[in-house]
Amino acid sequence: MPTKLLLIDDEQTSTSLLALSLKSDGYEVLTAENGRQGLEIFDRELPDIVITDIRMPGMDGIEVLKEIKKRAHTAEVIIVTGHGDIDNAIDSLKYGASDFINKPVRAETLSVALERAKNKLDLQAKLDTYTKNLEQEVETVTHELRMQSNFLEKLIKTSEEGIVATDRVFTVIIYNPAAEHILGYTADAVLYRKKAKDLFSLDLMRKYQAKRHDYQRRKKLEHFETHVRNKDGDLVPVRFTGVFLYEEGRIMGSVAFIQDLSEIKRLEKEVLMSERLATVGQTVAGMAHGVKNILHGFKGGSYLMEVGFKNNDTEKLKSGWQMIQKNINHTSELVMDLLTYSKDRDVAYVPCDPNDIAAEVCETFTGTATEHNIRVTAKLDPAIKTVAMDKTSIHTILMNLVSNAIDACIFDDIPGKSYEVKVKTTLAENHVIQFEVADNGTGMDKKLRDKMFTSFFSTKGHKGTGLGLLVTRKLIEDHDGSIDVFSEAGKGTTFIIDLPYEDIKNEARA
Amino acid sequence: MGKKILIVDDDPDVRLFSQAVLEENGYTPVVAKNGEEGEALIRQEAPDMILLDVLMPRESGIRLYRNMKTHKKYKNIPIIILSGIAEKSFLRSQKVLTEFGGDPVPDPEAYLEKPVDGEELANTIKKILG
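So the protein lines, in turn, are chains A and B.
For the first sequence, our numbering gives the first residue as 18, with consecutive numbering after it.
For the second sequence, our numbering gives the first residue as -13, with consecutive numbering after it.
I should point out that these hints are in silico values taken from the structure, not numbers from a laboratory.
Take the hints with a grain of salt, since some may be wrong.
[What the hints assert, rightly or not] Facing chain A, a subset of chain B residues (Cβ under 8 Å, in silico):
| hint | residue |
| --- | --- |
| 1 | L2 |
| 2 | G70 |
| 3 | E73 |
| 4 | K100 |
[Claimed, not checked] Across the chosen pairs, the derived CB separations fall in these ranges:
| hint | chain 1 | residue 1 | chain 2 | residue 2 | range |
| --- | --- | --- | --- | --- | --- |
| 5 | A | E505 | B | G88 | 25 to 35 Å |
| 6 | A | G507 | B | K113 | 37 to 47 Å |
| 7 | A | D497 | B | K113 | 53 to 63 Å |
[Stated by the list, open to error] The calculated DSSO-like cross-link candidates involving lysine-lysine, where the alpha carbons are at most 30 Å apart (straight line), are:
| hint | chain 1 | residue 1 | chain 2 | residue 2 |
| --- | --- | --- | --- | --- |
| 8 | B | K74 | A | K463 |
| 9 | A | K327 | B | K74 |
| 10 | B | K74 | A | K335 |
| 11 | A | K434 | B | K19 |
Ideal Cβ positions, reconstructed from N, Cα and C, are used throughout, including at glycine.
Just chain A, with the same shape it has in the complex:
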């Protein structure tokens, strides 16, 4: 399409001459005799370039220029001026003329001006297309972004895993329905209002702070089983994964994934319970050994008493009676152990001082220990205060373990060796108190260690019911705790028990 020109000049002769030469150069040329006519044609034909004389009767060139610029920005206007009209020429540039040329109009000058005007038009056209494309692009990207963010939002919302994310100053900015469910707080109460430390214990946060560099190095998420406290103050067992988010080496936030383990824990408990009943049922044969020893004791006791009566021997009567009493105790221990082991009993959290319990247990055994030249020592962590735990369970657990430790020393019985049973308490992280019972007695080899928690396996021969450790382990599991053992034949045995505690209610509120 040829470029459309509009020539406006009151001098008809120069106009028609110019028009002819421009037409021969390939332009489509329109002409007007004055400003008003020129504007009419402009409105109708929308030429690309307007060449107008500056001095015209009626509407002059400057006014025409102003009018055109009002209508369409893109039209290029070239002003034709007479000699000495430099002020007007400069004015015209101010109003947006693309160029001015002097009269008389010379063909080369005009073609240069036209060329320049055409270039500007091209450029403008390209710019327009570009801007339009850009706008379209922005719209597409915005749409895609919106889709993506919707997608992510839905993903987070529908996740079964609780997701809690924070910005760089640990204000919570993402908190999904699963997190609501686990922690009990509504999203409204948490989003932009709470900090990570308001939801998770400081211990947990510190643990993550410490793991942070590990993660950067290994790029592997660390997860562990722990407890979080919900809105009502209850401990919920969870699998916790947390990570700090970095952008270009700088921390930009953090995110925690929490999986509710309550149901799994409940199922685990059920399985354990049925296993336990099975153990009790299956090992009647094993129990027979313990029972046989007890019965033999009764027979022995009654034989001694018979002899005592017959011979009027009080010494025999006395030892026979003692033997019978001892075996009555054995019988009741065995029955009680069996009951404890097979019954599913609720853990009773009561205020107690774990240090006091440990001290009391040590005290109980001092007599027996001294008889056998065994030293019983207690190292109790002064940081431990009164807390809520199952006092009876702790007592039974420690009684069993300390009694075992003392037996391990008696059993070892190497002349000259000085035996010691050490009981230690430690206030550990994550609301846990650690109990340690260590002896330097006979110890266990691997075979023995593997069998250790199996029912009715007793190394004590006549002394044990074989249920002690089994009962101990059950009490610890009921208390959501854990038990670890380190033992070496000839070196001794160390039991480490971790038991969670709860703060005393009114103290926690204060």
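With chain A fixed as given, assemble chain B onto it according to the hints.
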């Protein structure tokens, strides 16, 4: 003075019981509280019979039994095993030990499974020692 019988048991009550039975029936008891002590007393006292528990610390009961039954001087001392373990289990364990390179050992002269009456124990001893 009656025949000398060695009691080897780690349980003091069992020792007391067996001792009373022996004394009541006119035998002379000698007591050891584990296998090592028992072996020493056999050399020292040369008993006419051994009353042995096999479940003792350091497997010393089993060791005493196998040492004596393969010893040319002492293998003819009759041994009565008095244990909470069933006789079948004990005999099976001895077969396994023999298969693992031990010398074959003859069965004990008598095997009494706890609990045992005083009379039963006395009768068993009498039957063997005559």
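*asked:* Can you confirm whether the C-alpha distance between A/K434 and B/K19 stays at or below 30 Å?
replied: Answer holds: A/K434 to B/K19 is near 19 Å, not above 30 Å.
*asked:* Check the hint pairing A/K327 with B/K74 against an upper bound of 30 Å on the C-alpha distance.
replied: violated, 37 Å
*Starting from the hint 25 to 35 Å, judge whether the C-beta atoms of A/E505 and B/G88 obey it.*
holds, 27 Å
_Proposed interface contact between B/K100 and chain A, which counts if any beta carbon pair is under 8 Å_ = The hint holds - B/K100 has a Cβ within 8 Å of chain A, the shortest such distance being about 4 Å.
*Is it true that the CA of B/K74 sits at most 30 Å from the CA of A/K335?*
violated, 36 Å
*Does the Cβ pair A/D497, B/K113 satisfy 53 to 63 Å?*
holds, 59 Å
_Can you tell me whether the CB distance of A/G507 to B/K113 sits inside 37 to 47 Å?_
The hinted range 37 to 47 Å holds for A/G507 and B/K113, with Cβ atoms some 43 Å apart.
_30 Å limit on alpha-carbon distance, applied to hinted pair B/K74 and A/K463_ = holds, 27 Å
*Interface hint for B/L2, Cβ within 8 Å of any Cβ on chain A*: OK, holds: B/L2 within 8 Å of chain A, min 6 Å.
*Would the stated hint for B/E73 survive a check requiring a Cβ distance to chain A of less than 8 Å?*
violated, 12 Å
*Does the nearest C-beta of chain A fall within a distance shorter than 8 Å of the C-beta of B/G70?*
holds, 4 Å
The structure fails hints 3, 9, 10 (numbered hints given earlier, in ascending order).
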